[in-house]
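Novice: One letter stands for each residue in the lines below.
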Amino acid sequence: MLKRSLRRGALVGGVLVFIALIGAPAAFAREPVVRGVVTLSQLLLAIGALLAGSGAAPATRTRSTGAVVAAGAIAGAVCMLLLALLALLVSAVDLRQVLVNATPQLVDELTLGRGVVTGSTVLVVLGTVLGALGGWSTRLPAAISRSAVLAGAAVVVVGVLRDKGLAIAEAVALGVAVWAVAYGRSRWGSALATRYQRVQRRNSTMVSIVVWIAGLFILLGLPSILGTYGTSVLDLVGLYVLMGLGLNIVVGYAGLLDLGYVAFFTIGAYVTGLLTSPAASTQLGLSFWIAWPLAMVAAAGAGALLGIPVLRMRGDYLAIVTLGFGEIIRILVLSDTFKSVLGGAQGIIEIPGPSIGSFTMMRPQHFYYLILIGVMIVVFVSRRISDSRVGRAWMAIREDEDVAEATGVNLVKYKLLAFAMGASFSGIGGAIFASWVHSVFPNSFTLLVSINILSLVIVGGIGSIPGVVLGAFFLVGLPEVLRSFADFRMITFGALLVAMMIARPEGLWPAKSRRRELHLEVAE
Amino acid sequence: MRRRLSGPVDVTQLVVSGIGLVILLFVVYRLVATLMGGTYGVSTYASQAIFGLAQGGIYALIALGYTLVYGILFMINFAHGEIFMGGTYIAYFVIAAFDRSGFLESNPLLAIVATVATAMTASVILALGLERIAYRPLRRAPRLVPLITAIGASLFLQYAFRGLFGTGVKVYPDTHLHVAGIDILGGRYDIGGMVVRPIYFVVFLMAVTLMLALWILVQKTKMGKAMRAVAEDKDTAALMGIDVDRVVVLTFALGAALAGAAGVMFALYNKQVTHTMGFIPGIKAFTAAVLGGIGNVPGAMLGGFFLGLAESTFPTLLGLDSQLKDVIAFGLLVLVLIFRPTGILGEVLSRKRA
Chain U
1 MLKRSLRRGA
11 LVGGVLVFIA
21 LIGAPAAFAR
31 EPVVRGVVTL
41 SQLLLAIGAL
51 LAGSGAAPAT
61 RTRSTGAVVA
71 AGAIAGAVCM
81 LLLALLALLV
91 SAVDLRQVLV
101 NATPQLVDEL
111 TLGRGVVTGS
121 TVLVVLGTVL
131 GALGGWSTRL
141 PAAISRSAVL
151 AGAAVVVVGV
161 LRDKGLAIAE
171 AVALGVAVWA
181 VAYGRSRWGS
191 ALATRYQRVQ
201 RRNSTMVSIV
211 VWIAGLFILL
221 GLPSILGTYG
231 TSVLDLVGLY
241 VLMGLGLNIV
251 VGYAGLLDLG
261 YVAFFTIGAY
271 VTGLLTSPAA
281 STQLGLSFWI
291 AWPLAMVAAA
301 GAGALLGIPV
311 LRMRGDYLAI
321 VTLGFGEIIR
331 ILVLSDTFKS
341 VLGGAQGIIE
351 IPGPSIGSFT
361 MMRPQHFYYL
371 ILIGVMIVVF
381 VSRRISDSRV
391 GRAWMAIRED
401 EDVAEATGVN
411 LVKYKLLAFA
421 MGASFSGIGG
431 AIFASWVHSV
441 FPNSFTLLVS
451 INILSLVIVG
461 GIGSIPGVVL
471 GAFFLVGLPE
481 VLRSFADFRM
491 ITFGALLVAM
501 MIARPEGLWP
511 AKSRRRELHL
521 EVAE
Chain Z
525 MRRRLSGPVD
535 VTQLVVSGIG
545 LVILLFVVYR
555 LVATLMGGTY
565 GVSTYASQAI
575 FGLAQGGIYA
585 LIALGYTLVY
595 GILFMINFAH
605 GEIFMGGTYI
615 AYFVIAAFDR
625 SGFLESNPLL
635 AIVATVATAM
645 TASVILALGL
655 ERIAYRPLRR
665 APRLVPLITA
675 IGASLFLQYA
685 FRGLFGTGVK
695 VYPDTHLHVA
705 GIDILGGRYD
715 IGGMVVRPIY
725 FVVFLMAVTL
735 MLALWILVQK
745 TKMGKAMRAV
755 AEDKDTAALM
765 GIDVDRVVVL
775 TFALGAALAG
785 AAGVMFALYN
795 KQVTHTMGFI
805 PGIKAFTAAV
815 LGGIGNVPGA
825 MLGGFFLGLA
835 ESTFPTLLGL
845 DSQLKDVIAF
855 GLLVLVLIFR
865 PTGILGEVLS
875 RKRA
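As you go down the protein sequences, you meet chains U and Z in turn.
If you use my numbering, the first sequence corresponds to residues 1 to 524, in order.
If you use my numbering, the second sequence corresponds to residues 525 to 878, in order.
Since the hints were made in silico from the structure, they are not lab data.
One or more hints might be untrue.
What follows is a set of in silico ranges between Cβ atoms, one per label pair, in the way DEER data are often shown [said to hold, decoys possible]:
hint, chain 1, residue 1, chain 2, residue 2, range
1, Z, 849, U, 448, 16 to 24 Å
2, U, 15, Z, 760, 33 to 41 Å
3, U, 345, Z, 637, 36 to 44 Å
4, Z, 546, U, 406, 32 to 40 Å
5, Z, 740, U, 345, 30 to 38 Å
6, Z, 570, U, 403, 53 to 61 Å
7, U, 338, Z, 690, 34 to 42 Å
8, U, 290, Z, 690, 30 to 38 Å
9, Z, 760, U, 402, 20 to 28 Å
10, U, 15, Z, 625, 32 to 40 Å
Glycine included, every Cβ here is placed at the ideal spot set by N, Cα and C.
Given these sequences and hints, build the entire structure.
Specialist: If you want it as structure tokens, here you go:
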């Protein structure tokens, strides 16, 4: 048992040392969660100690509570000891030539601003206490501890989102409220759900109409609640939902891993730019409303064109070829060869916003409604198509191409259709993007965009529409709002992709069939 | 193993062949036009070819890592480019320290050997960590799952290096090593109006030596035999008493060691080291592996040299902008996968694998 505690403590401590060295504590120190009491970076350390403690507790219930608490305490102490050693090392030796974040500020942050010796001692003592607490928490009934985790998470999220953090009273009130609701739900939630289902069954159209109207009102009212900045974040999330749903058709429904998805976004944006901007080489200056269907068609055409040569490829080869295709498009757009048409690195500027009569969309609030309509149409199309004959054909291809073909699915037709449909959604996204930012530059269309979209589809849940929406809020909206988090965005994405694939490959909000499939292990 | 996809007249096959024919005609036309035009002399092509051979050696060494892992696990280790980057990056700190202490000047050969050893060690540690944490739990998962994990790992490693060591570009110090009066590392010599850098020959020779060593290891040693057995059939190999986990670990380690060595060689003439430096060479090396037939060790070597040469000479030969260098590599990849998915030397993979 001692070995388990030591190992768990060292593991969590090691992760915390890594997080410290990539500069998270210094960045998070600027984020107070509870005003004057605790910052995000201190919370990070505390959460680490708690996790170490709860992880050290043996899974069986045979041990006494005292033993569990002791195990937790040891793990917590070991974990914080590592950080204290890091603080000592950094304050003694100047490592900044190599490790850019090994700064005096880091030492300050780790030792809670109390000097190296006192601070380290305090750190280890706190670690022991929190570890013991973490160990003890494993002995609580699951309903209580789970609600407590939820309450803590709510306080952290709200505290970080509020500019100066929460006041102590607010934090306590919020925590207690969330805890009570969560606890109530886990105790009496199932009864409520049955009740709701009964009501729904009795007059199902009524209920669904009420839910839909309420949802619609909330969606329509959001821009006035959130203000300009919040709305522009929402616009970005909406664009990613659009593209995510498109990629979801290709990857989620048809099972074709496309890593060059950004190419269609690029094509949509450039077609719109060329058609609408008076400053573009074509000097057409057409209306957005003429441009977007053409952008969509161009993207769909490119999708089908890419589809033809890769029809016979499977899995990972397909991924690499599409990646190459995406890069080729970007390099071509950037190159001097096509500079006279596409503008090279200078891109296309002066793209006008869409206008209706004499009214021109300029502000994020205006675009919000445009994007909302786009997202709603795309959600509708995705939903209808997934349950149609086409959707079933795609899923058959995803499960097993050979069997699908043998049962009469026309592989060529349905694969090309998947590529073209996915690409057309992305083309619409590109068209709206171009008129939203009023310009297109090749550097907006890197591989990272493809990977962002893929991440949100995977984290949300492959093949699941609500999953894609959730993923977009989680991976696009949240980092945008948490400014101090911006530097750690990509590294978190990477870690999330790995962790999701190992722990929960079906995503946060999985599609039902997908969950079943991924939990049946496939032998090579 | 090609099959017709639809009916007796295969339309898609026709379209694909048509595209291929157009590209081929274009290439021939530009080639003839450039050669007839005679704008460039032989020396231009010769110096490009020498550079291409060195670059190709680097690609080949990285490609071997892809091919070895693919041969055994049938997965594309997408993060292999980051393994290459990681070794080079860590070794930078060693060679920079040697430079500051004057050791690089006084004993360049030893310093460089130590740097290469550091890079190899660092790459091996990274690769083993990656295998243990990210790949091993997924060995029996559906095929797309490890690929997505690898993309995630690649992203994670890039940004971990950025976070730990900062965003600035690190520059490898200038190195000089005189052999028979020629500075084989830092020298530039003008031979008949053509600039020759001996370092390219050194890189080429080192790459070939390492490849020979690998070839002997795979073909002649007991360990190589175990590797080949596992590549053939994992379950049967396990029944024959081969520790499959150990062979997988060794394979990752071998590939990583080659990538680490390639990294230092690359940095000796390319100088700049950043956290994103692994991406493009990684993709190109993968292209090289596919060109030669993935899973095939001599194929990866051949593919690497071919790609290096193609990339350095084609832009001039075809009269294209040198910015389009990367398009040539990716275009080649796409074309090879379309027309000869098994590569130049590739064995015939069953459709399930490919």
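Novice: Now, for every hint given, state plainly whether the structure supports it.
Specialist: Each hint, compared with the structure:
1. 849/Z x 448/U: 16 to 24 Å: Holds - the Cβ-Cβ distance for residue 849/Z and residue 448/U, about 21 Å, lies within 16 to 24 Å.
2. 15/U x 760/Z: 33 to 41 Å: holds (39 Å)
3. 345/U x 637/Z: 36 to 44 Å: Given a distance of about 42 Å, which is inside 36 to 44 Å, the answer is holds.
4. 546/Z x 406/U: 32 to 40 Å: holds (34 Å)
5. 740/Z x 345/U: 30 to 38 Å: Given range 30 to 38 Å: violated, Cβ gap about 48 Å.
6. 570/Z x 403/U: 53 to 61 Å: holds (55 Å)
7. 338/U x 690/Z: 34 to 42 Å: Holds, since residue 338/U and residue 690/Z (Cβ atoms, about 35 Å apart) stay within the stated range.
8. 290/U x 690/Z: 30 to 38 Å: This hint is violated: roughly 48 Å between Cβ atoms.
9. 760/Z x 402/U: 20 to 28 Å: Holds - the Cβ-Cβ distance for residue 760/Z and residue 402/U, about 25 Å, lies within 20 to 28 Å.
10. 15/U x 625/Z: 32 to 40 Å: Check passed, 34 Å falls within 32 to 40 Å.
Consistency note: the structure conflicts with the earlier hints numbered 5, 8.
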